[in-house]
Amino acid sequence: DVKVTQSSRYLVKRTGEKVFLECVQDMDHENMFWYRQDPGLGLRLIYFSYDVKMKEKGDIPEGYSVSREKKERFSLILESASTNQTSMYLCASSFPPPGGSYQPQHFGDGTRLSIL
Amino acid sequence: AQSVTQPDIHITVSEGASLELRCNYSYGATPYLFWYVQSPGQGLQLLLKYFSGDTLVQGIKGFEAEFKRSQSSFNLRKPSVHWSDAAEYFCAVGAWTSGSARQLTFGSGTQLTVLP
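So the protein sequences, as listed, match chains A and B. Each residue of the first sequence is one higher than the last, beginning at 258 in this note's numbering. Each residue of the second sequence is one higher than the last, beginning at 357 in this note's numbering.
Rather than coming from a laboratory, the hints here were simulated on the basis of the structure. One thing to keep in mind: the hints can contain errors.
Using 27 angstroms as the maximum straight-line C-alpha spacing, the simulated DSSO-like pairs for lysine-lysine come out as follows [said to hold, decoys possible]:
(1) B:K405 to A:K314
(2) B:K405 to B:K424
(3) A:K310 to A:K275
(4) A:K312 to A:K270
(5) A:K260 to B:K405
(6) A:K310 to A:K327
(7) A:K260 to A:K314
(8) A:K327 to A:K312
(9) B:K417 to A:K260
This is chain B alone, in the form it adopts within the complex (with noise of 0.2 angstroms):
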């Protein structure tokens, strides 16, 4: 069965600073890898996706992620934090189930607080 870890339960970091969230996964097969972003009070919106290719994706927000077959990585990256950044992150891999959904398994998530 596949697995997701976030190791980091919360970080914090100035308003300009990079960021870095780390993302473990565990899949038999080639992994559909996701990062989603949740505002407080919000749902689940879609920052960036890898399926295959080219293993530096950029999303929305100005954010990246790199897909590290060799280290089961994808980490999700930022040059320059903004306030509005403060947010839950959650990185989730993609698997086949019956009929023709495809299931998700999210990790803990990664809280981040932006400091003025």
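If we strip away everything but chain A, and leave its shape as in the complex, we get (with noise of 0.2 angstroms):
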């Protein structure tokens, strides 16, 4: 079974910190994502990353970065906590779609993150 294991399920940080979450998958996948889930708005792509060192913007990248510095980790910064930001943040991951197909997501459980 793919697993992805986020580090933390629950964080609780204070306003102008800077914060890491951290994902790791160990399907040797070559895509990864972060989301965050609101109540009421689903899921929404904050970055994703085809390969190590490559990232690209989702729909919501404002005050985020990230890293990947190898295959199977990838990194959601918070370069200042802002209390907006507290949300649940799900990570995925997935091989890129051979010959144009496409290939699941399969998430991580979760980091609930509180900015107080």
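With the hints as a guide, bring both chains together as one complex.
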């Protein structure tokens, strides 16, 4: 089974802190994704990466950055945390689609982040 | 840009009753469509997917979904609901992005409550 592990289930930080959320996958997936989940809004893509050191902005990248130094690890960084970044953060990974098809994304259990 | 609408925020059914969760999508090309389920405190689990071919697709846990191009819909069904099906359900459409990653756009989710 694919395992996507997020380092923390719950995290409490203060406004202005630099926050790191870590995600590790064990299936040698090229693609990795960070989403935030808010009630009534579903999941929104923050950033994704399709290779080591490669990153692309998603729909809501403002206030976030990412790092992918190794294939199995994808980090989400809140440069200066604000209260409106209180949310559930979900990491996902997948193989690249061969021949135009699609490979499903596999999700971690999420990190519930509170910014005080 | 692609979009997904789940018109029902919350649905309540009795155990043993049938279930249909609605999903409408907007996408210019042939869509890749998915249903995911999220149990409390968990990440998302893939229930089923549609890429092409037979418009009625079978998934895990006894779920099925029917793709109707003329209605831009991909509704999820189950003939007899179990108490363990209580969860939040997300419909998603996949679209090409840069590199080789296929981005998912999620609906806002439908919360399912199952009465004993």
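Each hint tested on the structure:
no.: 1; hint: B:K405 to A:K314; in the structure: 25 angstroms, holds
no.: 2; hint: B:K405 to B:K424; in the structure: 14 angstroms, holds
no.: 3; hint: A:K310 to A:K275; in the structure: 21 angstroms, holds
no.: 4; hint: A:K312 to A:K270; in the structure: 25 angstroms, holds
no.: 5; hint: A:K260 to B:K405; in the structure: 20 angstroms, holds
no.: 6; hint: A:K310 to A:K327; in the structure: 8 angstroms, holds
no.: 7; hint: A:K260 to A:K314; in the structure: 24 angstroms, holds
no.: 8; hint: A:K327 to A:K312; in the structure: 13 angstroms, holds
no.: 9; hint: B:K417 to A:K260; in the structure: 20 angstroms, holds
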